[in-house]
Amino acid sequence: MSLLSNEVELLRRVPLFAGIEPGKLKLLAYTSDVVTYEPGQVLVRKDDIGDAAYVIIEGDADVSVPADTGDITVAELHDGDFFGEIAILCDTPRTATVTAKGELTALRIRKEPFFQLMKQFPEMAVEMTRLLAERLTRTTADLIEAQRQSA
Amino acid sequence: MDQSIFRYTWRFSKRDQIWLLLVVVASLPFYFLSLDLPKQIINGPIQGEGFSSPTDTETALRIAFSIPAWLGGGGNEFVLFDGIELERVAMLFYLCTLFLSFVLINGAFKLYISVFKGRLGERMLRRMRYQLVDTLLRFPLPQFRRMRSSEVATMVKDEVEPLGGFIGDAYVQPAFLLSQAVTAMVFIMLQSVTLGLVAGAIVAVQVILIPRLRRRLLILGRQRQLTARALAGRVGEIVEGIIGVRVNDATNWERAEIANRLGKIFFIRFDIYQWKFLVKFINNLLAQVTPFIFYLIGGYFAITGRLDIGQLVAVIAAYKELPSPLKDLIDWDQQRLDVQVKYTQVVEQFTIGKVLDPELQKLDTNTPPRIDREVSASGLAIRDDSGATLLEPTSLKLAPGDAVAAVGPVGAGGEYLAEALAKLSVPDSGRILIDGSAIEGLPDSFTGRRIGYAEANTYLPQSSLMNALIYGLRHAPLRSQTEESRETRQWLTEARASGNTETNIDDDWIDYAAAGAEGPEDLLVRLREVLVLVDLENDVYRLGLRSKMPEEALGEMESRVLAARDAFRERLVKNRGEQYVEMFDPERYVVNASVKENLIFGVSDPDAIDGENTEDQYLAKVVTDTGLEEKLVNMGLNVAETLIDLFGDLAPDNPLLERMDLMSPDEIDDYRAIVRRASAGELSEVEESDRRALLRLAYGYIEPRHRHGMLDDELQAAIVAARQAFRDNLPDDLSGAIVFYQPGSLNSAASVQDNVLFGRIVDTYAEAVERVNALLRETMDSLGLTDAIIELGLSFDVGSGAKRLSLAQQQKVSLARALIKRPDLLVVNRALTALDANAQDATVTRVLDFARGLGDPGMTVFWVLGHPGSGQWFDRVLTFENGRIAKSEERSGTEEGRALEPAK
Numbered sequence: 001m002s003l004l005s006n007e008v009e010l011l012r013r014v015p016l017f018a019g020i021e022p023g024k025l026k027l028l029a030y031t032s033d034v035v036t037y038e039p040g041q042v043l044v045r046k047d048d049i050g051d052a053a054y055v056i057i058e059g060d061a062d063v064s065v066p067a068d069t070g071d072i073t074v075a076e077l078h079d080g081d082f083f084g085e086i087a088i089l090c091d092t093p094r095t096a097t098v099t100a101k102g103e104l105t106a107l108r109i110r111k112e113p114f115f116q117l118m119k120q121f122p123e124m125a126v127e128m129t130r131l132l133a134e135r136l137t138r139t140t141a142d143l144i145e146a147q148r149q150s151a
Numbered sequence: 001m002d003q004s005i006f007r008y009t010w011r012f013s014k015r016d017q018i019w020l021l022l023v024v025v026a027s028l029p030f031y032f033l034s035l036d037l038p039k040q041i042i043n044g045p046i047q048g049e050g051f052s053s054p055t056d057t058e059t060a061l062r063i064a065f066s067i068p069a070w071l072g073g074g075g076n077e078f079v080l081f082d083g084i085e086l087e088r089v090a091m092l093f094y095l096c097t098l099f100l101s102f103v104l105i106n107g108a109f110k111l112y113i114s115v116f117k118g119r120l121g122e123r124m125l126r127r128m129r130y131q132l133v134d135t136l137l138r139f140p141l142p143q144f145r146r147m148r149s150s151e152v153a154t155m156v157k158d159e160v161e162p163l164g165g166f167i168g169d170a171y172v173q174p175a176f177l178l179s180q181a182v183t184a185m186v187f188i189m190l191q192s193v194t195l196g197l198v199a200g201a202i203v204a205v206q207v208i209l210i211p212r213l214r215r216r217l218l219i220l221g222r223q224r225q226l227t228a229r230a231l232a233g234r235v236g237e238i239v240e241g242i243i244g245v246r247v248n249d250a251t252n253w254e255r256a257e258i259a260n261r262l263g264k265i266f267f268i269r270f271d272i273y274q275w276k277f278l279v280k281f282i283n284n285l286l287a288q289v290t291p292f293i294f295y296l297i298g299g300y301f302a303i304t305g306r307l308d309i310g311q312l313v314a315v316i317a318a319y320k321e322l323p324s325p326l327k328d329l330i331d332w333d334q335q336r337l338d339v340q341v342k343y344t345q346v347v348e349q350f351t352i353g354k355v356l357d358p359e360l361q362k363l364d365t366n367t368p369p370r371i372d373r374e375v376s377a378s379g380l381a382i383r384d385d386s387g388a389t390l391l392e393p394t395s396l397k398l399a400p401g402d403a404v405a406a407v408g409p410v411g412a413g414g415e416y417l418a419e420a421l422a423k424l425s426v427p428d429s430g431r432i433l434i435d436g437s438a439i440e441g442l443p444d445s446f447t448g449r450r451i452g453y454a455e456a457n458t459y460l461p462q463s464s465l466m467n468a469l470i471y472g473l474r475h476a477p478l479r480s481q482t483e484e485s486r487e488t489r490q491w492l493t494e495a496r497a498s499g500n501t502e503t504n505i506d507d508d509w510i511d512y513a514a515a516g517a518e519g520p521e522d523l524l525v526r527l528r529e530v531l532v533l534v535d536l537e538n539d540v541y542r543l544g545l546r547s548k549m550p551e552e553a554l555g556e557m558e559s560r561v562l563a564a565r566d567a568f569r570e571r572l573v574k575n576r577g578e579q580y581v582e583m584f585d586p587e588r589y590v591v592n593a594s595v596k597e598n599l600i601f602g603v604s605d606p607d608a609i610d611g612e613n614t615e616d617q618y619l620a621k622v623v624t625d626t627g628l629e630e631k632l633v634n635m636g637l638n639v640a641e642t643l644i645d646l647f648g649d650l651a652p653d654n655p656l657l658e659r660m661d662l663m664s665p666d667e668i669d670d671y672r673a674i675v676r677r678a679s680a681g682e683l684s685e686v687e688e689s690d691r692r693a694l695l696r697l698a699y700g701y702i703e704p705r706h707r708h709g710m711l712d713d714e715l716q717a718a719i720v721a722a723r724q725a726f727r728d729n730l731p732d733d734l735s736g737a738i739v740f741y742q743p744g745s746l747n748s749a750a751s752v753q754d755n756v757l758f759g760r761i762v763d764t765y766a767e768a769v770e771r772v773n774a775l776l777r778e779t780m781d782s783l784g785l786t787d788a789i790i791e792l793g794l795s796f797d798v799g800s801g802a803k804r805l806s807l808a809q810q811q812k813v814s815l816a817r818a819l820i821k822r823p824d825l826l827v828v829n830r831a832l833t834a835l836d837a838n839a840q841d842a843t844v845t846r847v848l849d850f851a852r853g854l855g856d857p858g859m860t861v862f863w864v865l866g867h868p869g870s871g872q873w874f875d876r877v878l879t880f881e882n883g884r885i886a887k888s889e890e891r892s893g894t895e896e897g898r899a900l901e902p903a904k
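From first to last, the protein sequence lines are chains D and E.
Residue numbers for the first sequence follow my numbering, beginning at 1 and rising by one.
Residue numbers for the second sequence follow my numbering, beginning at 1 and rising by one.
No lab work stands behind these hints: they were computed from the structure.
There's no promise every hint is true.
[Unchecked claim] Rough simulated footprint, nothing fancy, chain D against chain E, three-plus residues with beta-carbon under 8 Å:
(1) 17–26
(2) 651–663
(3) 760–774
Fair warning: this is a prediction, and the values are worked out from it, not measured in the lab.
Note that CB positions come from ideal geometry on N, CA and C, so glycine has one too.
Could you put the whole structure together from the sequences, leaning on the hints where they help?
Structure (structure tokens):
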């Protein structure tokens with residue numbers, strides 16, 4: 001059974017939350033739900049409107065996008081991975097589907113507590129911006145690479 | 001109704017009143033004899049008059065009469081019975097026995113007269129109330145806009161109430177009292193004309209002056225009635241509009257308003273009080289001053305020799321007899337005035353220009369003819385009270401089976417046309433013809449059965465959901481269900497004697513045929529069909545699942561629900577969903593339930609508590625006795641510390657506080673103080689109130705939800721042990737109030753769902769609730785239990801004004817009610833405003849399919865749409881603008897019509 005204290009430890013290992021004092025992380029954990037998924041159950045589905053971000057407490061998950069030939073797995077997620085924040089930040093539909101590989105337990109962080117925390121801790125907002133910028137750089141690099149290959 | 005209560009009473013109780021008078025007259029000789037006998041007893045046997053020697057006898061029981069000379073009797077006596085000779089003691093016995101029998105006869109007369117009067121009054125009261133409601137039902141609809149419901153209710157209930165008591169006395173009392181008074185007066189007159197005149201003068205003063213004084217009382221009485229009625233109306237308005245009062249911070253305005261009214265009522269009542277006692281005072285004064293005059297004048301006459309002493313004493317004695325009937329007569333007159341005021345007030349309210357002809361609402365047990373030609377409106381114009389035009393002259397033809405939609409902004413005209421089609425408004429000009437007959441001349445038994453009408457704010461009175469749905473099927477008693485017995489006959493006789501309807505509410509009034517059913521057996525099938533149409537079936541099913549089973553059905557349901565419990569478990573296992581439900585096991589701690597639920601491990605029914613012990617008190621005792629208290633207080637302390645630690649620093653308006661659970665935001669400071677006090681000393685020294693507060697936190701704790709990690713195996717075992725103690729030592733007064741969970745048996749206090757699940761849903765699993773619900777429904781369907789559950793859901797009490805249903809559910813009920821009777825013309829007037837556009841559209845298509853599927857030509861539909869997109873499903877779409885039809889679009893053929901894009 002998952003306990004608040006373990007969840008706080010888990011959250012501290014997420015880079016985004018690394019700079020936040022444990023007391024506030026405990027609040028974040030308390031106001032979130034622990035959800036258990038069965039193998040094959042979908043945590044988030046592409047194009048759905050999202051209202052929560054997730055930290056995997058235990059288990060593995062596949063990130064996939066649908067394609068003509070069926071779903072293509074683009075990444076894998078493991079213990080301590082944080083995902084789903086884009087959809088709640090920008091109110092955009094989910095960009096990919098996340099499916100539990102085996103039994104999986106995740107902390108579901110709702111939009112409201114997440115934003116409250118962002119408001120109270122500017123360092124978290126900065127960290128968030130850094131993270132997003134990093135991803136943008138990587139995506140841009142991937143795009144250039146892809147264009148060069150197809151040229 | 002008559003303007004005077006006397007005329008009204010006479011009209012409806014002539015025979016009874018005359019009979020009553022006759023009985024009173026018949027009782028008078030016995031009364032007189034019973035007054036006369038004591039004299040005979042004293043003078044005769046006791047004083048010895050006529051018994052001068054012990055062997056003397058007197059005649060008793062002699063029956064003889066003489067015929068007066070003018071009838072040719074010539075003074076001869078006809079003796080029928082010579083009588084028997086009795087000695088002195090025997091005579092005493094005889095006369096006393098006679099006296100006793102007269103007392104008994106008088107008593108019997110009195111009893112008979114009182115009961116007769118009482119029944120007469122009650123019958124008239126019943127008649128009057130019935131007539132008032134009967135008239136109310138026939139009021140033209142616009143009249144209701146000007147009425148306050150609670151005022152009308154007061155009139156029917158309270159204001160006519162005193163009338164019943166008075167009516168029995170209306171004629172008899174004055175006749176009786178007057179005859180007594182007149183007798184006394186005549187007696188006085190016979191003794192001395194002068195004194196008679198004096199007595200007459202005083203009586204005249206009383207009779208003339210007192211009513212004059214009372215005139216003021218009358219006015220005040222009327223004011224009192226009006227203000228009291230208005231007060232009832234205002235209180236009713238506060239109750240109905242409580243939301244408006246609260247959201248506008250208008251409570252203090254309402255207080256002032258009510259206080260103002262109460263002030264007025266107070267001064268009126270106080271005024272009445274003062275006048276009443278003034279009148280009483282004058283009345284008593286006059287009565288008591290009279291002997292003074294008699295002594296003075298009578299004494300003077302006696303001294304001057306114009307009157308002998310015997311006469312004076314007799315006059316004074318006779319005068320003693322006078323005030324009591326006079327006083328009663330004046331009281332009666334007072335009551336008469338009071339009642340007359342009340343009666344006139346009520347009758348005035350119910351006398352309005354034009355009530356509907358009773359013929360239009362006549363009970364009709366036959367099935368009315370169908371609308372098989374057309375419904376047409378020609379030049380129909382409607383205005384509101386102020387004369388503003390709501391609908392310009394409009395013409396429309398609806399052939400059988402037509403589906404016509406009206407779209408346009410709110411108030412553009414479609415809704416008024418809809419109301420007129422349902423005979424709800426009176427057109428200013430033009431008319432509506434149904435199969436050639438003008439709608440206003442058609443009886444309700446035709447329009448109310450052949451036309452179905454649904455609107456958004458249908459008022460649903462408190463009843464079961466079932467009764468709310470089949471309201472439109474109850475037009476007349478169709479199947480008698482009352483057995484012929486003495487009680488039912490008496491019941492009917494009484495109804496007739498009070499001019500009430502003789503229909504029996506206990507008969508089966510449901511018109512099964514109208515719903516397309518054969519009888520009670522398959523009505524549920526039709527109901528479910530309609531529930532699906534309006535998308536209410538699932539709601540009803542869920543209501544049923546969450547309901548307790550009625551006591552009378554427990555026996556029958558037990559085996560089925562227990563079978564469902566096993567079947568559900570099996571299904572759960574088969575679908576690999578065991579982990580979704582944590583089973584109840586008396587020997588094991590249920591992790592997904594709170595500590596308190598684990599302790600009690602049952603369901604309590606607060607109504608069944610029979611004594612002073614409450615569940616909480618007993619629980620506290622058990623917790624103390626089993627030594628669990630320290631552990632739980634400690635746990636509560638821990639929870640409090642954590643919560644204060646987490647939430648204590650947040651601003652009071654922080655939305656995260658809502659997720660705190662266990663503690664409410666405004667309790668944080670209290671608990672902070674409790675934690676401070678508790679951590680200062682030994683735990684065992686914590687004050688009683690603080691301990692209770694901490695225990696409360698511990699009781700609500702659920703490990704998987706709160707995750708403080710405080711329920712180790714040892715504590716769980718201790719709680720399970722306490723559970724056992726709770727159950728074993730349950731005091732008698734709680735024994736009926738708590739039903740424990742027990743494997744293999746039904747829990748009569750728990751809902752069907754809890755009985756079938758027999759456990760708690762583990763909601764930390766994703767989609768656990770949805771999956772469990774789906775499996776539950778499958779189980780119920782496969783076992784054929786769904787019908788029973790739906791029936792249970794239909795027995796749900798919708799609450800006053802259906803407040804226990806959501807607005808959307810109320811609107812669905814309103815539409816379902818119009819559909820179940822399968823009308824020839826269905827008029828829907830923006831009835832689904834509480835639903836979103838998609839849901840409205842889905843309902844429109846389902847209802848239209850149903851309407852078209854009802855044979856050829858099917859149901860005619862006129863639907864004022866809240867959402868124009870649904871227009872595409874209709875044969876014709878009328879666009880209303882500013883009270884007129886601006887555009888009419890035909891669609892050729894239903895199937896093609898459906899393929900069209902929504903009307904732009």
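These are the hints, each one checked on the structure:
Evaluation of the coverage hint for the stretch 17–26 of chain E: breached, as 0 residues show C-beta separations to chain D shorter than 8 Å, against a requirement of three. Look at the stretch 651–663 of chain E against chain D: 4 of its residues bring a Cβ nearer than 8 Å to a Cβ of that chain, three or more, so the hint holds. Only residues whose beta carbon comes within less than 8 Å of a beta carbon in chain D count, and the stretch 760–774 of chain E has 4; three or more means the coverage holds.
Checked against the numbered hints above, the structure breaks only hint 1 and satisfies the rest.
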